[in-house]
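Asker: Based on the sequences and whatever the hints tell you, model everything.
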Amino acid sequence: MHPQLQLLVALQDMEEMIREVEEKGDELEGMGFKHGGLEDLRKAREDVASQVDPRHMSWYRRLTGKFGHAVVPVVNNLCTGCFNNIPSSFVSKTNVNKVQKCESCGRILYWP
Amino acid sequence: MNIGEVLNHTSPALFLPDLQATDKQGILTELVEGLISGTDIHNADTIMAMLQSRENLGSTAVGPGIAFPHGRTLAVQKLTILMARSAAGVDFDSEDGDPTHLFFVLIAPPQDRDHRYIKSLAALIDRAQDADLRTKLMEAEDYDAFCAAMREE
Chain A
1 MHPQLQLLVA LQDMEEMIRE VEEKGDELEG MGFKHGGLED LRKAREDVAS QVDPRHMSWY
61 RRLTGKFGHA VVPVVNNLCT GCFNNIPSSF VSKTNVNKVQ KCESCGRILY WP
Chain B
1001 MNIGEVLNHT SPALFLPDLQ ATDKQGILTE LVEGLISGTD IHNADTIMAM LQSRENLGST
1061 AVGPGIAFPH GRTLAVQKLT ILMARSAAGV DFDSEDGDPT HLFFVLIAPP QDRDHRYIKS
1121 LAALIDRAQD ADLRTKLMEA EDYDAFCAAM REE
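Going down the list, the protein sequences come from chains A and B.
With the numbering used here, the residue at position 47 of the first sequence is 47, and numbering never jumps.
With the numbering used here, the residue at position 119 of the second sequence is 1119, and numbering never jumps.
Quick caveat, the hints were computed from the structure, so don't treat them as lab data.
In this text the structure is predicted, and so the values were computed from the model without any measurement.
Hints may be right or wrong, so weigh each one.
To be verified - Residues of chain B clear of chain A, computed beta-carbon distances all greater than 12 Å:
| id | residue |
| --- | --- |
| 1 | 1002 |
| 2 | 1004 |
| 3 | 1007 |
| 4 | 1020 |
| 5 | 1021 |
| 6 | 1026 |
| 7 | 1054 |
| 8 | 1087 |
| 9 | 1089 |
| 10 | 1091 |
| 11 | 1126 |
| 12 | 1134 |
| 13 | 1142 |
| 14 | 1144 |
| 15 | 1145 |
| 16 | 1151 |
As the list claims (entries may be wrong) - Pairs of lysine-lysine, BS3-like flavour, derived with a Cα cap of 25 Å:
| id | chain 1 | residue 1 | chain 2 | residue 2 |
| --- | --- | --- | --- | --- |
| 17 | A | 101 | B | 1078 |
| 18 | A | 24 | B | 1078 |
| 19 | B | 1136 | B | 1024 |
What the hints assert, rightly or not - Chain A regions said to be covered by chain B (calculated; three or more residues, Cβ under 8 Å):
| id | region |
| --- | --- |
| 20 | 5-16 |
| 21 | 38-46 |
| 22 | 49-63 |
| 23 | 70-79 |
Every residue gets a Cβ at the ideal spot worked out from N, C-alpha and C, and that includes glycine.
Answerer: Now the structure itself:
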């Protein structure tokens, strides 16, 4: 996987975790989980974000604001954001070292 | 959500009855390796990063001798549950300081918007309060016996 895509996936997973604590923290703490490391997680998120190329970060922020999730998995050759077909050329050797965007909706594509 | 529904998200390939690692990092590595070998999930690094972030947030060893590593990641397409056991037990940063022997790993995709995995987590934690059950889980000979003990009420 392209190192920049790996960073973007890690960033989105971290932001999902932070959002979960913000939205469901009381419920999770009722189960016994503690979230004392939340500030450290926010700092770790900023550290990861600082490693992302500014151009990719700009895409990521714009797409997150528009769709909620900037990076989406490709399943059965479909972008799971807009369900448009992803050409097989996107996974060719030529493109494997690029951060790919869906030609239809613009979301960043991830092959799980 | 009942335990039967929760167990629909696991399989014999996602049962590790004899973990060998002796520390938390090693256990996390074994758990992720188990997820990769027992499913069509590929991206071990992404899952490991997520589980480590979750442990840094606060230990998931919240049951007596039991941990529930969990979280959402793009690396999976559906809720996936791995069950594992360490006879010796390991220090998993539990609040009571006791070793952790049983592990229930719950990994969900980001689009699990009805929080199905949190409901599964709640059901497992509730079930794990039963001390007799924990003994049976440590003694279960195989996956079927382990699941049968989980289903007993």
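Asker: What are the numbers of the hints the structure violates, in ascending order?
Answerer: Of the numbered hints, 7, 11 and 22 do not hold.
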